[in-house]
Each structure stands twice: as C-alpha cells, then as structure tokens.
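Chains H and F supply the protein sequences, listed in that same order. Position 188, counted from 1, in the first sequence is what numbering that gives the first Met the number 0 calls 187; the numbers after and before it change by one each time, with no gaps. Position 294, counted from 1, in the second sequence is what numbering that gives the first Met the number 0 calls 293; the numbers after and before it change by one each time, with no gaps.
No lab work stands behind these hints: they were computed from the structure. Positions of the beta carbon are idealized from the N, C-alpha and C atoms, including for glycine. Among these hints, one or two may not hold up.
[To be verified] One-sided and incomplete, this derived list gives chain H residues near chain F with beta-carbon spacing under 8 angstroms:
no.	residue
1	117
2	121
3	125
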Amino acid sequence: MKFDLLPLLLTLKLAAVTGTVLFAVSLPLVYWLHFTKSPAATAVRALVNIPFVLPPVVVGFYLLLLLSPAAPVGAFLDHAFRLRLVFTFEGLVVGSVLFNLPFMVNPIIAGLEGLPRSLAEASYTVGKGRMTTFLRVLLPSVRSSMVTGIVMTCAHTIGEFGVVLMIGGKIEGVTKVASIAVYDEVESLNFGAAHAYAAILTGISFALLFVLYYLNKRSPRLW
Amino acid sequence: MKALSLNIKKNLCGSTGPFTLDTAMVIPPGSIAALHGPSGAGKTTLLRIIAGLDAPDNGRVDFDGDIWFDSSLRVNVPPHRRKIGFVFQDYGLFPTMTVEQNITYGMRENRNREWPVFLMETFELAAFRDSRPASLSGGQRQRTALARAIAGKPSLLLLDEPLSAVDGATRASLQDAIKHLGDSFAVTTILVSHDLAEIFRLSDMVFHLGSGRIIEAGSPAAVFRAPRDRLQFTGTVLAVKAEGVVGILTVVIGTEISRIAIPLAEALGYSEGDPVAVSFKAFAPTVTKLAAPALPASGREDPNLQSDWDRCRIS
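Produce the entire structure from the sequences given, and follow the hints as far as they go.
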C-alpha cells in the first residue's frame, strides 16, 4: 500500500492558512455588517452565505473562470502582482477563504447580535467610539463565537473537495490535498490508502469538533 | 456648572398603543432631577435621547450652550462626544473586564492613575478590583456601574433606575453615594426612579411624566402632595374570599401580606392580580425605626484633581 503524508500535511497547512487569513478578513466585514444601516448589507449577507446553498463545484467553477489568466481579474493579478491563482496553493487559499466565509462570519455576527445592547451603549457613554467599542468590548465578549468560527473554518477546510479540485486540480505536493487523495486512491482501487486518508481525516475532524464543544461547554471559565 | 434644556417630540409605541413623547424641560446646573411616572410613560426614552442613544423625531437638546441635538439644524452629536455618564438598568458592565478595568475603561483620559483607585475606595470596591462582574453581588455591580459612569468626570450624569435591583441597606448606602456625588461634584444629574423615598431623599426637582407628557414639575414636596391625615399604600390583590357578609381581600403591599375586610359586594368586584390602593385614616400611627442604613466610605482627596470635579472631594 502506497501512502504519502504530503496530502495530509498540505490539508493541515491549507486549514491553518485559511483559518488565519479568514479570521483577519472577516473582522472588518463583521464590523461593517454589525454597524451598517446600508440596504446593501442584506445583499452582502446573501453573498457571504451563498456557499451554504451552492454545490462546492459551482463555486469552484466560477472561481476558476474568474481567476484564470484569460479572465480580466486573473489577468490583472497576473500582470500587476505576478500572482497566479489557478492550480496553485495560493489559489486554494483564495477558494477556501471565499467558500468558508459563512463558517467564520456567521458565528461571530450571531454572538454580537446576542449581546445586550447596553454593552455597546455603555461604552459609547464613557466616550468610546465604535471601533474602540468593537475591539475592546464587543469582540472580547464573543470570544467563544470567534473560537467556533476558527475551528469550524479549519474543520470545514479539511473536508473540502469540490472547490479545491476545480481551482487547484490535483498537483502532487502543490494542490493535492487529502480529500482529493482519497478520491484518487479509490479511482486507482487502492482502498487501503483511501481508508488510511479517510480515517485520519475523520479523526482530525472529530478531534477539532470535540475540542470546540468542550471549550464551548466550559466557555464561562474562558472569561 | 452646566444646565440642560430640551424640547423634543418623538412618537413611541407603548403597551396601551402609540403615544407622543412631547416634553420640554430645563434642569438647572448642579441639580438632581428625578423623572417619575408609570412604566411606559417615556422616562427611559427621554434619558436615552439626552444621552444620544435615541434620536427624537424633532426638537432640540442643548447642554451648557452646546447643541447636542437640533432637528432643524440637522445636528445630532453622537453619545461618545456628549461627556455624559450613564448607569443602565442592567448595569451594562463589560463581562470580560475586571472591576478595575471597567472603571479604568470609563476614564476619558488615562493619565491619572490615582483616580480609579480613589473611585474604588469611595465605592467600597477595592477588595473586588480583580473580580469580574459575573462574580459580584447586585450591589457591587451597581457600585461598579456608578464608579464607571463617573470615571470619565461627566458633566451630566444619567441614572436609569439605578437602585431598582438592590434593597435595604445597600440601597440606602448607594443613595448616599449619589447624594454625595451631586453635592460634592456639582454634576447635573437626572435620575429615573419609581421610589418616592428615593426621590425625596435625592432630588431637588421632580418631573412627573404620564403618556409622554410632563404632568407636574417642581420640588418633590410640591409634586407629591400627600394628604396629611391619610395613609395610602399601593398593592396587588392575591385572593378574594367571601366570609358571611364581608369579603376578605388578601393584598400584598411591598413585602407584607395583609387581609382586609370590605363589604362583600365591593369585594366581588376585585379579582386576583388587580392593583389596588389601600388607604385609611390614622390618627396616631406608630412609627418604628428599622435598621440604620450603612453609610458609604468617606472619600479621600485625589491629589491630582483639576477640573470642576477636581476641586471637590467626597466627604
């Protein structure tokens, strides 16, 4: 049985990078969604949540079209930044970030909406503006929601298939993550290797979700 | 010393239907004004409008000549620029911060390190400085909220039923603390309260609100003119029972439950849960002093005081 650790390491790397990038990208978006009164917010929320309802391959297909060097966006990135996002690890990250947006944004928004209104208002009345209130009062009060977002993003990235296959293909050591390796091994009738990848993915996913629920259960002690 | 004047209108929806909060008032500098009236009369909304947390439909709010809101000029100064202190009914303490961090966060400038220490000692919070709100009692939370509200040395202090969740000696102690703040710092204070004793004890003037309008305004003694030979209590009917030709109403008044005999026909007009006023003539009522309320700790002089606040001390 031929078993390569590289797809697993690539999966873990993709999960870690996606979680980190998405957390950084989500905070400004969450800030805007939480405070804005713009009618555009409804459309933005719908866009953020599209990955929930669309088949992953559809998202991957459109990303492939958008980021291809033949397309305006892909051509611009290529010329301006020498950044090629199709069939590269960077492309996988972009796809994962977009596809996992609701898994990060929704728990944090839900946490913020569940806070008593008086928390933010008390901060305003002692002379603090929105940004200070957001960073020093609101976000620390939804710490468990942020942990949920990060863990769910990582767990979901580990299980991704359609988006990464469409935008990254299955280049050994570059874009062939563990979920694609399972598919590959099954296609090649190497069920032993497929089992090994699948079991490890299941174990990692279970461990992440177990830690998440354990932390949430004892979240009052996190404060 | 800074006066507040406002003249505002706002359409609200209360429990009995829509009504208009239509209020004009001037609160002299350094005074403590109480807003009193039934639930849903618009007291909290009025306080929120003054704080900038809600906007009126039209009108004007100004403080010491600064326009905070003017619908005709399209001015609406955000709450964080109004230099107010606000104590919320639910305290609004930050759950992830300790008592000391909550109070320090309330400061508008962080240079004076002794000010939060001074406040913690004044409000008897020094022993809990590293505790988080979840582990504090109601009175301790209330004191923390008060200390945080004045940590920024506000020009206007807004208190929304600040003592509704505490009782007994704690309430008396906090009333004294508020009185000291008003007397010592000469900060203009507006207090929402249902408690007549509290209003008499703390306030210089009272506005009695009903359905969004000021029904009466003046000193507490002028607004609450009690009959001299009649005692009156408000309570709630717990049970109605016929006993021969009389009816017995069981009524809870405060924390006391009383049985009151009235004509049967009259008693049958009441049912459980009815709010009632119980009054009787008392020619020689007996008055007994209860446990003396604890006084707040006397304050120390803050060596780095500078402004109006700073020229005073709590004593």
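| query | Does the interface hint hold: is residue 125/H within less than 8 angstroms of chain F, judged Cβ to Cβ? | reply | holds, 4 angstroms
| query | Would the hint on residue 121/H stand, with a C-beta cut-off of 8 angstroms toward chain F? | reply | holds, 3 angstroms
| query | For the hint on residue 117/H, does the least C-beta distance to chain F fall short of 8 angstroms? | reply | holds, 3 angstroms
Checked against the numbered hints given earlier, this structure breaks none of them.
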